[in-house]
Amino acid sequence: MFDDNPNDSGFLPVGRRTVLKSAAALLSGSALTSAPASAHHYDSKIHYEPQVDEDNLMQLAVEGHDVLDDGVKLDLGSHEGYIRLFSDTLARVSILDPGEEEYESRGIENGRDDWETPDFSVETTPDTIAIETDTITVEINTELFGVRFLDENGTVVNEDYLDKGSSGYVPSPERDGTASDSTSRSTSTYVSDENETDSETGSSGYASPTQNDVEMTDPTPNEPLPYVYKKADEDEAFYGFGEQPELTLNQRGKKLENWNTDQYGYFYTNDYVYASIPFFVGLKDAGAYGIFFDNPHHTVFHTPQVANVDGVEETYDTDAGEDYYYFVGDGGQLTYYFAYGPEIGDVLDSYTSLTGTINLPPKWAMGFHQSKWEYSPDELVEVPHRYREEGIPLDAMHFDIGYMDNYRVFSIQNSHRQALQSLSDELPELKTVAVNDPGVAVDEEVDVDGDGELEPYGPYLEGTANDYWTKDATGETFKARVWPDVTVWPDFSRSEVRSWWAEQHDVLFDAGFDGVKNDMGEPAVFQRNSSYDWTMPVDNIHGTGDDTMLHEGYHNMYGFDYARAAHESFDLLKPDDRPFLLNRNLYAGGQRYAAIWTGDCVSIWPHLQMQLPMMMNMGLSGLAFCGHDVGGFAGRPSPELFKRWTEVGAFIPFFRNHADTHKKQDSDLPRNQHPWTFGEEAVEITKKYTGLRYKLLPYLYNEFRDSSESGKPIFQPLVYQFQDDDEVRNIADQFLFGDDMLLAPVVEAGATERDVYLPAGETWVDFWTNEVYDGGQWMTVDVPIDHLPIYVRKDSVIPMREMQQYTGEKPLTTLQLNTYLDEETSYSFYEDDGETNGFEDGEYNMTKFTVTETESGVVTFDSQVEARNYDDSQLSSYLLRLNRSRAPRKVQAGPTKYDEVTADTVEETPNSFAYNEDEGAVLVHIPADQEHKVKLFFNGHSRGHRQQ
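Throughout the sequence shown, residue numbering follows full-length UniProt numbering, covering 1 to 948 in sequence.
Everything labelled a hint here was simulated from the structure, so no lab data went into it. Incorrect hints may have been included.
[As the list claims (entries may be wrong)] Each computed BS3-like pair below joins lysine-lysine, with the alpha-carbon atoms no more than 25 angstroms apart: (1) K231 / K284; (2) K695 / K794; (3) K231 / K255; (4) K933 / K794; (5) K284 / K164; (6) K933 / K848; (7) K897 / K848; (8) K848 / K794; (9) K688 / K810; (10) K363 / K688; (11) K363 / K848; (12) K810 / K687; (13) K810 / K695; (14) K479 / K574; (15) K363 / K897; (16) K848 / K935; (17) K73 / K231; (18) K363 / K687; (19) K933 / K897; (20) K848 / K810.
Remember, predicted model here, so these are calculated numbers, not experimental data.
From just these sequences and the hints, can you work out the full model?
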């Protein structure tokens, strides 16, 4: 019955150099073409879209300037301008009303006072003011204000587009608050039954207005809109922009918006989804640069037009020209940051130095998670047991909102409390994650602990007594419907409210939950009318006193502060444990508080295809710990789609199978979305690739650690490492898993082969066969249903370990060092306890491995201790693995000669080596305390078979 699944449309063919071949192939015969185009929960496009009247741009000129300790202050007549230097590659540009303070949002972790100003000089001419550092020069045009950024060679990296005027502010266009003020290109991919109801509460959860439709005009009709126009090169590419539902990696030609919205079943035609990251990376011949428009209002980026559309034409909807782009906010201040590379990694380093990096999560959070909306209590216990029986690794089960007493946050039904206790008794190693929502039911008595007795409902009573709720335009507590019929929302803009919310988590942690999923923080509100799209009215009020603000300007920060509050709960209640928090909605900088997933994707092939560029661009926006619902959330996948999705899912940073409730599925579709749902082959494929992820955990853990230090992505587009290779700039269906593993998943129904590009400048090794390939070539490879093409960069080390059924099942005693040697490679291996925050106090070990080969065929392995402060390490040996066509004639470490043994005994025999003919590999068992370099003597080179 699965083959007839209407939600498993097998279109969007994958071509040689692009995900999409034609719009016709996309749209013909698709169930999606019948989706309604009206504005509703699944097709939200009601909020005002800020627009620029290009005939009314400002004409600011520099009338004077003052040199400051960290830059210059500009007299722009009606406005003041500031150029601040944070480093010799990072600058901030602001245009303000006279006397106005420069804005830094909550997304900034390290503000102006946290940076050491670089050395700089200021030179003036009649037409320009030039601020020069060792790396960049910021050149200011004075006659018509404009900013130009040049590299150390004087090459222009980025500059304002002045043909239409200067950057500045434009009047807000007239608008009356109706949906017609936005030009929608939205269509839905998945339409739910609007009459569905929850069997226990009678609540539909969707499509049920809780207030009468209101006529609400723009609360700030005269607020000017900040905007910036920039020049663009003909071949300039654009990446990042956070979470954007696009099928392309390169976002040139697109209109990209930021307005956090609960977009169930979104598609590439939605203008915005759950998170707002107004940051992008530009790539041109002069190198890479980044711009962060630090404005939490609704913002829009119009990237330059493309000469030739590649893919779905309707998604290329920019209003910019071919030689310029612009961005605009629906209010707020004109403040943006410019970061110069020249490498993309340099840009991300500056951006995450400003906004923060991910925190190193607990190791179990990198394992496999299982989830579903409306698991029964019995299923919550049975499912992880079945995973153990099938031999598929599993680390965490998620409890969705059904565990609460009638959707009352911070309460637990007795049946689910018993399920939680059963898991603790029977599978004590299993971690559990509780979903949470920001909406608090207006209810004075609730069965909080599931004992059948009503008791005072602290969250509502305390929040009311302390006046902690968000206000409506009249100053009264805002009430509406979300999961409970009448709900109030905490005002997370206030630090005392965040601290109070953190305290409420004791109910969850005392019950035994290990992590928290923060859902619905857009904030989602179940009401539909002409003024706001399933969220709060923009004239709601947050803050108090001088900190009072409208929801219009705070909306995109709500989920960010929601994550901050939950993060504080760990500081307060679990101070020794690393937090695991999962958010659906964040603002720039939110990566330092929570992981993020891409919301309610759909179980169809186009959504699998779309998740790859979405996540790659999120990684290029600082959101390194990101994931999506493997298998799709809405609907159910076919067996083929599930298998292919699981193969790629095993290599995303946050790996979770999550499915929608069975109550919303057609009767002929399965209740659940487990590997065994789709047959034995699906079980074996899941076991193979989930098991490989667990074998690769030493590699993955080190990638997470590096990301927490540098801000680099873990799920990387090829362009991140190979920006000088023009061929990779638009590749959206291949990615790098960490720095050294290239994956080319199958994302097309019925595919038996696919084209793979290996980037130039490197030599690549097939992970499965050890065949060697030159980079800079396309090739066609076979992809049977259980095969995911994986390639490893030459001169790299991939640390691996034995497979476990969960992280921490077995101590790491032997570290396998898969070494893909050409001439020389090195790798610094990091180890800590994987659970506590002791690493922040230096409780970790770091060992650097170096492997070299001479022309005469002598391979040398050396290990050097760089840090040794983690006392509980049980790592006692290394298993060096080299791809070779024959065994060495001898292996020796100083005076110690290694014994040659069989391949099946080498792991048990220290100071030994073996040759595995089946794998074409040499294995050397090296004690971790080996003081001498280990030398392998070959009779000339004996590397693996090379394919041209």
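The hints, checked one at a time:
no. : hint        : verdict
1   : K231 / K284 : holds, 12 angstroms
2   : K695 / K794 : holds, 20 angstroms
3   : K231 / K255 : holds, 16 angstroms
4   : K933 / K794 : holds, 22 angstroms
5   : K284 / K164 : holds, 23 angstroms
6   : K933 / K848 : holds, 13 angstroms
7   : K897 / K848 : holds, 23 angstroms
8   : K848 / K794 : holds, 18 angstroms
9   : K688 / K810 : holds, 19 angstroms
10  : K363 / K688 : holds, 20 angstroms
11  : K363 / K848 : holds, 21 angstroms
12  : K810 / K687 : holds, 18 angstroms
13  : K810 / K695 : holds, 12 angstroms
14  : K479 / K574 : violated, 32 angstroms
15  : K363 / K897 : violated, 37 angstroms
16  : K848 / K935 : holds, 17 angstroms
17  : K73 / K231  : holds, 24 angstroms
18  : K363 / K687 : holds, 19 angstroms
19  : K933 / K897 : holds, 12 angstroms
20  : K848 / K810 : holds, 24 angstroms
When each numbered hint is compared with the structure, violations occur for hints 14 and 15.
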